[in-house]
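Engineer: The listed protein sequences derive, respectively, from chains H, P and Y.
Counting from 1 along the first sequence, just add 360 to a position and that's the residue number in my numbering.
Counting from 1 along the second sequence, just add 360 to a position and that's the residue number in my numbering.
Counting from 1 along the third sequence, just add 360 to a position and that's the residue number in my numbering.
These are calculated hints, taken from the structure and not from any lab test.
Note that the structure is predicted; figures quoted are calculated from it, not measured.
Among these hints, one or two may not hold up.
Below 25 Å or equal to it, Euclidean Cα-Cα: the simulated BS3-like pairs (lysine-lysine) are [to be verified]:
{"#": "1", "chain 1": "P", "residue 1": "Lys-666", "chain 2": "P", "residue 2": "Lys-694"}
{"#": "2", "chain 1": "H", "residue 1": "Lys-701", "chain 2": "P", "residue 2": "Lys-700"}
{"#": "3", "chain 1": "Y", "residue 1": "Lys-700", "chain 2": "H", "residue 2": "Lys-701"}
{"#": "4", "chain 1": "Y", "residue 1": "Lys-700", "chain 2": "Y", "residue 2": "Lys-666"}
{"#": "5", "chain 1": "H", "residue 1": "Lys-662", "chain 2": "P", "residue 2": "Lys-405"}
{"#": "6", "chain 1": "H", "residue 1": "Lys-700", "chain 2": "Y", "residue 2": "Lys-700"}
{"#": "7", "chain 1": "H", "residue 1": "Lys-700", "chain 2": "H", "residue 2": "Lys-666"}
{"#": "8", "chain 1": "P", "residue 1": "Lys-701", "chain 2": "H", "residue 2": "Lys-694"}
{"#": "9", "chain 1": "P", "residue 1": "Lys-694", "chain 2": "Y", "residue 2": "Lys-662"}
{"#": "10", "chain 1": "P", "residue 1": "Lys-512", "chain 2": "H", "residue 2": "Lys-563"}
{"#": "11", "chain 1": "Y", "residue 1": "Lys-701", "chain 2": "P", "residue 2": "Lys-563"}
{"#": "12", "chain 1": "Y", "residue 1": "Lys-427", "chain 2": "H", "residue 2": "Lys-694"}
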Amino acid sequence: MAFTLDELVSRFGGVVIGDGTCRITGLAPLDQAGPLQLSFLANPKYLSQVETTGAAAVLITAAELEKIDSRDGRCFLVTANPYAYFARVAQLFLSLAQPAEPCGVHPTAVIDPSAVIAASASIGAHVVIEAGAVIGERVRLDAQVFIGRQVKLAEDVHLYPRVTVYHGCTIGARVMIHSGAVIGADGFGFAPDFTRDGGEWVKIPQVGTVRIGADVDIGANTTVDRGAMADTVIEEGVKIDNQVQIGHNCRIGAYTVIAGCTGIAGSTTVGRHCIIGGAVGIGGHLTLADRITVAGKSSVTKSLTKAGVYSGTFPAIESADWNRNAALMRNLDKMRARLKKIETQLETELEAALNPPR
Amino acid sequence: MAFTLDELVSRFGGVVIGDGTCRITGLAPLDQAGPLQLSFLANPKYLSQVETTGAAAVLITAAELEKIDSRDGRCFLVTANPYAYFARVAQLFLSLAQPAEPCGVHPTAVIDPSAVIAASASIGAHVVIEAGAVIGERVRLDAQVFIGRQVKLAEDVHLYPRVTVYHGCTIGARVMIHSGAVIGADGFGFAPDFTRDGGEWVKIPQVGTVRIGADVDIGANTTVDRGAMADTVIEEGVKIDNQVQIGHNCRIGAYTVIAGCTGIAGSTTVGRHCIIGGAVGIGGHLTLADRITVAGKSSVTKSLTKAGVYSGTFPAIESADWNRNAALMRNLDKMRARLKKIETQLETELEAALNPPR
Amino acid sequence: MAFTLDELVSRFGGVVIGDGTCRITGLAPLDQAGPLQLSFLANPKYLSQVETTGAAAVLITAAELEKIDSRDGRCFLVTANPYAYFARVAQLFLSLAQPAEPCGVHPTAVIDPSAVIAASASIGAHVVIEAGAVIGERVRLDAQVFIGRQVKLAEDVHLYPRVTVYHGCTIGARVMIHSGAVIGADGFGFAPDFTRDGGEWVKIPQVGTVRIGADVDIGANTTVDRGAMADTVIEEGVKIDNQVQIGHNCRIGAYTVIAGCTGIAGSTTVGRHCIIGGAVGIGGHLTLADRITVAGKSSVTKSLTKAGVYSGTFPAIESADWNRNAALMRNLDKMRARLKKIETQLETELEAALNPPR
């Protein structure tokens, strides 16, 4: 399987500098690429590698290409975004290398007769699909996936093995969800009733669903809870990493990215084009504006109304240093009191010293 | 499906103010409810909405009802705890709206002949039940659940799809566990043996189990490890959110609530009626007293012996502000040294200035 | 099932002090052990219990044995590492108590004809094994496990129910992986392309795999992502707890231990013999040297090049105290400014006071 640079340009755009018939059979980083491989310059700090790479051709911006002294023999594919171009070419090669999933339903799958399944869909071994579910064109459900009643999957959805989608949830086109993710489990809502003897937490039925827009990716073992009365919404183009928890009634704005191990409590709205770092905790009933970045491990306890970068975590340092300073931090009020005392002293006593009674 | 207010009172108590034959077909928030819906006032700040709501009737406390000026045409259902009452009515409507699970065992389930399964239980597709397990009355095991040997499930347990319960664990009545949760995996225990060449971590066999009391709820992808020699115990009425990790030999006291992404290391005891926020980390071998609240994202590294609210996390702020102050924090010892120096200076030099040598 | 002390010594080494024909039927802690049980002294603070225990024999070091005044009637099994010895004996008893898994493939398992499965392997109910997978001798796959195409499992691997291993990953001998873990899901890599209208995150195909060395343990619901172009590597003897996330292209050095809920972002290398506490967050593209310990809940945002103990987290304290000091911390720069002002004042004004103009 090979493509010429001209063929790539006809699919993905860009301009060839050099021989457009140059053949490409794969991709590799600059320092590892061989004479049939395409490489890319995504980070200017690797510019010098462009002059020494063994690659057949290099994806590069026009601005960076200007800086190359010695182009001898090398081909370039000039594009505004070499990294995205690289990703698209890599997808092309991968799609050709992977075995095609056969259409149809594996004999061990258990499908309710009222479910509607497109003929082009591929339903794997031991999959379970409940009543009234609708499975779109070219959907791929890997082994052991569970689809609850009335779930709707748009075209080209791919659920990896052992994904669970609870009843009533809807998933947009081209969504990809990795193994072990759970979409639509009950939100965490209980009414306390401890006034009388015994008492109990009374469960609030969670009768909303989860609605996931097109082109969303969701990582392995991530959980997105269904809404209590309204729906939990993940807008189009959102990318969510592994082990993330999204509480009931949240709304995650389009194209926002959420890194692994982050938790977002219920009824919080995150804006569009946000970047939420790993292991961040965001409290409930908050609103984050568009284009907010939160540094990894931070806690968000108030709404953030202004685009920008937010953080609130200390990097780990040697324990002895940390412990000494952490103990002082817990007594900052005492340091402030000492400071205040000195200031008062300076105002009164120094005054007296400077203006001695005559 | 509809109930009159009088019928609700006969099920759940309370007092009707207005027409007891008023019919209710569902529930909604005050600002969204229509003329066949029941609403509720759980938070006094929405009091004004009670006068404008389109709801057929409103759940309210006697004290709040006193504050309503214009009751014209509206019905009220007076109760000490409107939110819990709402939850119970919502459960009633939900139970009637859901399709009944058929009793019996799906033909694709794999059941060891020595397992005992109540006739009223519902066992879903691709469920696996191993030797000696006992499944109580009206238990519902959704698709792809795994039940290890000698597991005991009391009556009315509901395990959602893809829950794993390891061998020997026992689960109390009415427990609900969401998809992907794992009960009874091995605790994390290894004896280091690196004294000789090579060396290894020697696994400590985990021969305890997990015992879960009645009316416990456990969220999606949560893990509760089995004990090493004794058992891990979750007492009755505990509510655990998604993605929580509970280590071996822990005991979680009755009615305690644990929010998502929290981790509790091994051999820790959490008291009754505690509220543990999201993404909290609690160290091993600690004891938390009854009625302790821990703010989200906090670290608990020492036992907490007194009821109360504990916290230890900074809210994220703009990064530039954070970084400036965080750098100072790591050098608090230097600030303290400067303070000390000033204090000394003031004591000696100022003294000299005030009492100049004659 | 019983062993004499002499029989244990012939299996595991050590020296008997007392009657070598003394029979042992199980293990227990010092304060609970009865006359047929073996106990152990792993922590010197329990030394006094050795004199009062009801155990038939006690595992102990020679140095601790010296401190025992009254040995009357008690047997001792002297070893350099009583805890590791205890673990090995416990494994022996457990292996005999557990029912043997039958060899062979459960009739409900779905196995691609091109997969190669050792005759001594045990393949459970509803397992799925895809094309080209190789399953080694005595491998045990519990119910509902998923094995992707071209996966290779070495001898004596044990995957608990509902483990997923994506295509192409390799797993070393004696590896044990607990329920719900996902090995080899796609790493989190996207190229932003928002220069034009609309725009999108372009997925970087993840074409590396995961390679796991021998004797690794992985906990329930843990996720290890496959590499982007190269592989993610877990070296031999690594022990990983539950709910851990390991990003693409990471390398975890041999014998390192990672506690629950920790997340390690992509392309980070952790050294050998490290101890990473629970709920730690480690940033991407970092290097941690060998023998580094990171305290639970800490954030690692820079490479750590020196062996040692690192931390960076505050223990939770009473909220009122915390909030007062945390507010000051966010204004440390103001405190520093006040300090600076005082220092200047002291330098100039005090100078003036001490040396009044004549």
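Engineer: Hinted pair, alpha-carbon criterion (25 Å max): Y:Lys-427, H:Lys-694. Please report holds or violated.
Structural biologist: Measuring from Cα to Cα gives roughly 47 Å; hence the hint is violated.
Engineer: Given the hinted pair P:Lys-701 and H:Lys-694, is their alpha-carbon gap at most 25 Å?
Structural biologist: Between P:Lys-701 and H:Lys-694 the Cα gap is close to 16 Å, so the pair holds against 25 Å.
Engineer: Given the hinted pair Y:Lys-700 and Y:Lys-666, is their alpha-carbon gap at most 25 Å?
Structural biologist: violated, 34 Å
Engineer: Keeping to a limit of 25 Å between CA atoms, is the pair of P:Lys-666 and P:Lys-694 held or broken?
Structural biologist: violated, 34 Å
Engineer: With the threshold set at 25 Å, check whether the alpha-carbon distance from H:Lys-701 to P:Lys-700 stays at or below it.
Structural biologist: Holds, because 12 Å separates the two Cα atoms, which is no more than 25 Å.
Engineer: Would the hint linking H:Lys-662 and P:Lys-405 be met if the CA-CA limit is 25 Å?
Structural biologist: holds, 20 Å
Engineer: Are the Cα atoms of H:Lys-700 and Y:Lys-700 separated by 25 Å or less?
Structural biologist: Holds, at about 13 Å.
Engineer: If you draw a straight line from the CA of Y:Lys-701 to the CA of P:Lys-563, is it 25 Å or shorter?
Structural biologist: violated, 60 Å
Engineer: Decide if the proposed pair is consistent with the structure: P:Lys-694 and Y:Lys-662, CA atoms, cutoff 25 Å inclusive.
Structural biologist: holds, 23 Å
Engineer: Sort out whether H:Lys-666 lies within 25 Å of H:Lys-700, counting only the CA atoms.
Structural biologist: violated, 34 Å
Engineer: Does H:Lys-563 lie within 25 Å of P:Lys-512 when you go C-alpha to C-alpha?
Structural biologist: holds, 24 Å
Engineer: Hint check: Y:Lys-700 vs H:Lys-701, CA-CA at most 25 Å. Holds or violated?
Structural biologist: holds, 15 Å
Comparing the model with each earlier hint shows violations of hints 1, 4, 7, 11, 12; every other hint is respected.
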